[in-house]
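Novice: If you're matching them up, the sequences are chains W and A in order.
Going left to right, the first sequence walks through residues 1 to 370 as our numbering numbers them.
Going left to right, the second sequence walks through residues 371 to 665 as our numbering numbers them.
Worth flagging that the hints you see were computed from the coordinates, not collected in a lab.
Be aware that a few hints might be false.
What the hints assert, rightly or not - Quick list of in silico lysine-lysine cross-link-like pairs, DSS-like style, CA-CA up to 25 angstroms:
1. 445(A) x 226(W)
2. 476(A) x 223(W)
3. 226(W) x 499(A)
4. 340(W) x 131(W)
5. 445(A) x 182(W)
6. 165(W) x 445(A)
7. 476(A) x 182(W)
8. 499(A) x 263(W)
9. 445(A) x 262(W)
10. 222(W) x 445(A)
11. 261(W) x 445(A)
12. 165(W) x 72(W)
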Amino acid sequence: MEGEPFDRRLSRADMLRLAGLAAGVGVVAGPAAAADAAVAHVTKESGRLQVMDWVGYVNDLPHHATYAAYLKKYPHNKPQFTHMANESDALGKFHAGAHPDLFRPYVGWVKYFAKSGLVQPWNPKLISNFKHLNPFMVKAGQYKGKQYGIPDDWGFDAILYRKDKVHPKARSWGLLFDERYKGKIAWYDDIGMITVAGLYLKAKNPWNQTSAELDRSVNFLKKKIKLTKLIWAYESDLWQAFRGGDVWIAYAWPNDWVTMKKKFPVVYMHPREKPVSWVGMFMLLKGTPRPHLAHAYVNAWSSKHSGKWLEDNYGYGHANTQARPSSSQLLKALQLANPKAVTLPNAYFDRDIPQRALYAHLWEQVKASG
Amino acid sequence: MPPARRRRRLRRGLATPALLGLPVSWLVLFFVVPIAIVGAYSVDVYVLFPGPHHFTFTPWRTFFSQGDYFPLFVKSIEMSLSVSAVVVALAYPLAYFLALSGTRRKYVLLLILVVPFLTSYLLRVLAWKVILGSQGVVNTFLFSTGLRAEGHPLSFLLYSRFAVMLVLAYVWLPFVALPIFVTLESIDRRLLEAASDLYASRLQAFLRITLPLSLPGVVAAFLFVFIPTVGEFVTPSLVGGTSGYMYGNQIVDLFQTGFPDWETGAVLSLFLLAVILALTLVFVRFLRAGEARTA
């Protein structure tokens, strides 16, 4: 009707025109361009793309590199970031009413969020870089055959220590519980510590321990928490403690190693019980008014260029198998040329914790006992 | 009654509700209503995750029967009581000097005391990290003077219960000095002159006149520190490390950073509120009993 906004109503003639246009462009330019053309004409997704992301990735100028391609294409739909302290924080915010378009939990939460009804699957056809993503990581983002998570960065949970101060008895998670270094140890503030205790104590499945195994792990942690100086929730807290000489040993990520090795002789140790590997997964919230923009944003993040930037600046791996960092040392340390670096026999891929609420309750008890 | 007098009486009658209306509304909207909402979460009238739910005291029963959080609560109460007592003990001589010394610069000195308020709370707390760390100001001084061997710092200074209590005391000292100062300032000097005339020593005058009359200010100051510090979570998270973890941190974890359990978090919050209220009432009754004895 005359005067009606375009995106309010489409006539039959408009639909036929658009279908013809999309088909014609598709023949000439391929699926990605067809998708973009469809975006341009069928939906006018407006407003800023709402992205909930972790601190350190959020709205900082240098990090524009990871989505520069998106900004170039959609300058009027710049991302607007909100912060998530962790996945639990994001979950609480969603239930309290927050509605970002997408967010970025890690692989262990994919199944939880996929089952929760809060998210919807992606359409990989709208992500031209999807074919370059590590297939193991892609599979880890699936639930019941649908792609709920698009992998982006990855790394390990392992042990960082100062080799000028610390002499491990063995290459083991036990270093986090070593009585010789009382007051110089930092744990991570997450139920992952119960998993680590389970790995160290040889639980059959550290991510789903039996009652007896959980009792053993939790009591072990309660006994050993007195050795810790700090239970860190933000990397900046860990870095400050390391820089100040208050901590020599920490549960840490590769980025922490990259940051600390500028100041100290540090080692990033993969324990013999195996480190835990993790992969960041973009997930699309259900009911988002900007699904195509979200796909475009994730596509930008998934590019080789973004991957290289991330690897050079964060010391994390990137799911794009073509991305390579400038540093050969980093390439070797992260085994970036090995597409199976995140899986056995190299590492345990992080996974869903069926008893998550119980693990969380027990972890709070551990912290309270400190 | 003449109309003019009736109108005056009506104006006086309406004046009080009109003046109180805004602050009471503010209190209801931003205090009573949020507490009621938290209360609703604590009895499952509201729940965070969608699903069937109904009014129940189960979260409260679980809280009391399992008792998981009581040791942490007791620890936090102990820390707050210690901080409050120490801060009041430190602030009293300061306030006494300012109020009763007769110095002409007392308001300037008071201003200097209050100046830290003009800076960011976070910056003041973070500054202590620089001072207390293993390679901070204190330890560097100890190394340079030979009081500690290099490489053997006093590690208890930071990321510890001590650090939390020290920083809380530092942050709250100006708050505490002010109400004590005000109370001491208001003491009638003629009472002290009369005591002197009756050959009372300065110590006797202090113990029999100044201290009892300043007690309301002291109790107010004590509560001023105790009430907020019991629920502290920012300072413990910045400088407390593992051993400085407090009850307030537990509440934050339940609402935010741990797996969300708003129902249990609501119970912990209301329990804290109830205990604080009870302790405050005890203090006030104690104070009134003391005032009655003095009178």
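Novice: Each hint should be assessed against the structure and marked as holding or not.
Specialist: Evaluated hints:
For the proposed pair residue 445(A) and residue 226(W), the alpha carbon gap of about 16 angstroms is at most 25 angstroms, so the pair holds. Between residue 476(A) and residue 223(W) the CA atoms are separated by roughly 53 angstroms; this puts the pair beyond 25 angstroms, and the hint is violated. At roughly 21 angstroms between alpha-carbon atoms, residue 226(W) and residue 499(A) fall within 25 angstroms of each other, so this suggested pair holds. At most 25 angstroms may separate the alpha-carbon atoms for a hinted pair to count; residue 340(W) and residue 131(W) meet this at roughly 17 angstroms.
Between residue 445(A) and residue 182(W) the alpha-carbon distance is near 22 angstroms, which keeps this suggested pair within the 25 angstroms criterion. For a cut-off of 25 angstroms, the pair hint linking residue 165(W) to residue 445(A) is broken: about 33 angstroms separates their Cα positions. The suggested pairing of residue 476(A) with residue 182(W) is violated, with an alpha-carbon distance near 48 angstroms, which exceeds 25 angstroms. With a CA separation close to 19 angstroms, the supplied pair residue 499(A) and residue 263(W) stays within the 25 angstroms bound.
Proposed proximity of residue 445(A) and residue 262(W) is contradicted: the alpha carbons are some 39 angstroms apart, above 25 angstroms. Of the supplied pair hints, the one linking residue 222(W) and residue 445(A) holds, its CA atoms being roughly 16 angstroms apart against a limit of 25 angstroms. With a C-alpha separation of about 38 angstroms, the suggested pair residue 261(W) and residue 445(A) falls outside the 25 angstroms cut-off, and the hint is violated. Taking the CA atoms of residue 165(W) and residue 72(W), the gap is about 48 angstroms. The hint is violated against a cut of 25 angstroms.
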